[in-house]
Every structure is written in structure tokens, then in C-alpha cells.
Amino acid sequence: MATSGKSQPTLFFSAGEASGDAYVHALASRLKFADMHGVGSVKSQSAGVQLVANSGDWGALGIFEALKVYPRVRRGFVAAKKFLSTHKPGIFIPIDYGYMNVKLGKYAKAHGWKVVYFIPPGSWRRNKQGSDLPTFTDAIITPFSWSADLLNQAGANAHWFGHPLKQMVRENSAQSAERSGIAILPGSRKHEIENNLPVIHQVVKYWDLPLRFGVAANVNIKNLESEWKSLGGRDADFSHETHSMLLQSQAGIICSGTATLESAICDCPCVVMYRGSKMMEIEYRIRKPKFDYISLPNILLDQGLLPEMIQWDATPENLKKNLEPLLSETPDREAQIKGFQKLNEILGPDDALDRSVELIQQISQS
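Using our numbering, read the sequence shown as starting at 552 and increasing by one per residue.
The set of hints was computed from the structure by calculation and includes no laboratory data.
Some hints could be false.
[As the list claims (entries may be wrong)] When the alpha-carbon atoms are kept at most 30 angstroms apart in a straight line, the in silico DSBU-like pairs for lysine-lysine are as follows:
(1) K841 - K872
(2) K717 - K893
(3) K679 - K841
(4) K633 - K660
(5) K639 - K619
(6) K665 - K654
(7) K780 - K872
(8) K756 - K872
(9) K780 - K871
(10) K741 - K654
(11) K893 - K654
(12) K665 - K679
(13) K841 - K741
(14) K741 - K665
(15) K632 - K583
Sequences are here, hints too, so could you generate the full structure?
Right, dumping it as C-alpha cells:
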């Protein structure tokens with residue numbers, strides 16, 4: 552889908568976490584511009600993006616974990632600024648990760664780049680959006696209709712084409728004729744896997760069912776398999792094809808994050824968990840953050856559709872109690888399936904990637 556006629560500008564993507572890296576891959580593999588650079592990880596590279604910094608191990612949640620990765624993020628930020636200031640301006644495409652990308656977006660704009668923000672930070676919020684986004688963006692592509700409305704009211708050039716995950720699931724996976732077993736998505740961040748995996752092991756030992764690990768692209772499968780076996784985990788399938796794992800499974804144990812929305816799009820009922828380190832638990836108790844839900848499906852529906860267990864509530868007993876009804880035809884399972892249908896309407900059309908690429912191509916020609 553590369554442009555023709557006018558000379559193609561340089562594209563510079565910036566993704567700070569695994570979900571953003573997957574979006575870079577989806578966009579870059581369609582755009583196929585000759586000159587694509589950026590901040591990303593293995594998925595970006597596989598789509599032809601030349602990395603100035605690898606963000607594969609940047610993922611962190613909470614102050615203590617963020618401090619651990621800060622030096623790496625800082626080096627990547629400096630490398631990105633250097634590229635943006637020393638190369639002919641083209642199109643800068645930041646993806647979520649507002650902590651770094653808002654600063655980079657302003658920097659890119661000041662150096663003559665066109666800025667197309669793909670999935671702006673906090674786009675799921677229904678009451679407010681980033682007030683400074685209109686000041687440095689040429690266009691914003693947001694996955695939620697209310698986000699586009701709020702941004703346009705603030706003076707932005709915002710577009711809603713639907714949620715890109717819907718097209719990614721549709722194109723990359725085939726619906727399984729018959730579902731069986733449990734999908735396990737333990738997280739994309741190192742500290743998530745370290746803390747979630749031992750609990751998950753204690754849960755699934757209750758059933759002699761197929762186990763399928765959906766492994767984030769930035770996570771080494773062999774390392775995860777080794778960690779699982781060291782816990783005494785039984786045989787399981789491990790694959791980076793997360794959507795296929797979800798589509799084949801009867802239910803899932805999902806680490807809170809983008810994966811919860813993927814599970815819903817794949818019609819895989821699930822329980823949501825999040826276990827952090829002792830330092831994260833201390834931080835959680837001190838800060839006492841106020842939120843009703845942590846998983847995107849629950850936030851978007853504004854209801855507790857998916858059972859959520861955080862930190863000390865994420866015990867093997869609680870997870871087992873909430874997962875068991877999802878493994879057979881029960882009212883709990885049916886309620887989630889019905890909720891997913893409503894969520895599907897909220898997420899909109901399933902061609903968001905194609906339409907996003909068309910917009911980027913138009914901007915590249917202007």
C-alpha cells in the first residue's frame with residue numbers, strides 16, 4: 552500500500568510497550584514506505600522499521616518498576632530526539648505511551664515533522680482527553696468515538712475508524728470450530744510474569760485441560776517455558792499467536808492490560824488478574840488509587856463483567872472460584888458472551904487499520 556507519485560517522506564514510529572509495538576507492525580507492514588525508523592521492538596523490526604531504540608523491556612507499572620526502566624527509556628528518548636533533529640522532517644507517528652510520546656510529539660513538531668498520534672493516551676476516558684494534543688498534532692487516530700468527539704471539540708483533527716484490534720483479530724486468526732481448555736496470558740512485562748506465573752500454576756493444576764499460553768512478542772518463549780517448568784507446570788502450548796490461543800480456548804486467565812480486550816474480541820470469557828512485587832503492593836496501599844475497574848472491557852462497559860482480582864485478592868482460590876463457571880455452559884459464561892456483543896458495537900468497524908493507513912498516505916502527499 553505504498554504511495555506513488557510524490558516522493559515518500561520518512562516515517563518515524565514511537566512505541567514504548569508491547570501493545571504499541573504490535574500496532575507499529577500492523578501499520579508499517581501496510582504502509583511499506585522505503586524509509587521507516589522508530590522506537591519499538593521485534594514486531595516493528597519484522598515490518599521493516601529500523602530501530603533507533605529497542606523498547607522491548609521498557610514496560611513498567613507503578614513508581615518502583617518505572618524507576619528500574621527509567622535509564623533505558625531516557626536513552627531511547629535521547630536517541631529519538633537526535634534522529635528527529637538531524638533528519639529531514641517526515642511524519643512522526645507516536646503510539647500511546649504518553650509519558651514519552653507527548654514530549655517527543657512536541658519536539659518533532661518544533662523540528663518540522665507532521666505528527667499523527669495513533670491511539671492517544673487515556674483515549675478510553677469519557678470525560679476528558681489530553682488538552683495539549685491539539686497543539687502539536689496534525690491528526691489524531693483514536694480507537695473510541697467519544698475520544699474523537701472530545702478532541703475535535705478541543706480543536707484537534709481527530710478521527711475514529713473503530714478499534715484496530717478488531718481488524719488484527721479478523722485478519723490474523725481463524726475461529727476454532729470447537730473450544731477447549733484454558734488460555735493463559737501472563738503479561739508482557741517482566742515483573743508481571745514473575746509475579747503472575749506462580750499463582751497461575753496453582754490455579755490450573757485443578758483441571759486436566761489443555762493449556763495455551765499466549766506469549767507477548769517481546770517475551771522469549773523458551774524462557775517462559777523454562778520458568779513454567781521450574782514451577783512444576785504441566786505440558787502446555789506456547790505461542791506468540793495470542794489471538795489463535797484465545798479463539799481455541801474455552802476460557803482464559805488474563806493479566807490486566809490490552810490482552811483483556813483481545814480476549815473479549817475473541818469471545819473468550821476470562822478472569823482478570825494482576826500480581827505485582829512487594830514494593831508495588833506497598834505503593835498500592837500507600838497511594839490507594841481510586842478506580843472502579845482495571846480491565847478495558849469493564850471500563851468501556853462501565854460494569855463488572857469480567858471478574859477482577861488485584862494483588863492480594865489474586866489468590867489461587869479466588870481465581871479458581873471465578874474461572875470454574877466459565878469452563879462450561881453457565882449463566883456466568885453466557886453473561887460474558889452477551890457483554891462481548893455489546894462491547895463489539897462500542898468498538899466499531901473492523902477496518903480501522905486500512906482507514907488509518909489511507910489517512911497517513913493522504914498526509915504524506917499533502
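Problem - Given pair status - K660, K633, alpha carbons within 30 angstroms - result: holds, 14 angstroms
Problem - Pairwise hint evaluation, K872 against K841, where the allowed Cα distance is 30 angstroms at most - result: holds, 26 angstroms
Problem - Pairwise hint evaluation, K654 against K893, where the allowed Cα distance is 30 angstroms at most - result: violated, 36 angstroms
Handout entry: Given hint K893 paired with K717 - CA-CA distance at most 30 angstroms
Key = holds, 14 angstroms
Handout entry: Given pair status - K871, K780, alpha carbons within 30 angstroms
Key = holds, 21 angstroms
Problem - Hinted pair K639 and K619, Cα distance within 30 angstroms - result: The hint is violated at about 34 angstroms.
Exercise for the section: Would you check the hint for K741 and K654, treating anything up to 30 angstroms between C-alpha atoms as holding? Expected result: Holds - the C-alpha atoms of K654 and K741 are around 26 angstroms apart, at most 30 angstroms.
Practice task
Measure nothing beyond the straight line between the CA atoms of K665 and K679; if it is 30 angstroms or shorter, mark the hint as holding.
Solution key: With a Cα-Cα distance of about 24 angstroms, the restraint between K665 and K679 holds, given a limit of 30 angstroms.
Practice task
Mind checking the alpha carbons of K679 and K841 for me, to see if they're no more than 30 angstroms apart?
Solution key: holds, 17 angstroms
Problem - 30 angstroms limit on alpha-carbon distance, applied to hinted pair K841 and K741 - result: Distance ~25 angstroms between K841 and K741 Cα, so the pair holds.
Exercise for the section: Decide if the proposed pair is consistent with the structure: K741 and K665, CA atoms, cutoff 30 angstroms inclusive. Expected result: Violated: K741 and K665 sit about 34 angstroms apart, past 30 angstroms.
Problem - Restraint check for K665 with K654, where alpha carbons must lie at most 30 angstroms apart - result: Judged against 30 angstroms, a Cα distance of about 14 angstroms means the pair holds.
Going down the numbered hints, you'll see the structure goes against 5, 11, 14, while the others check out.
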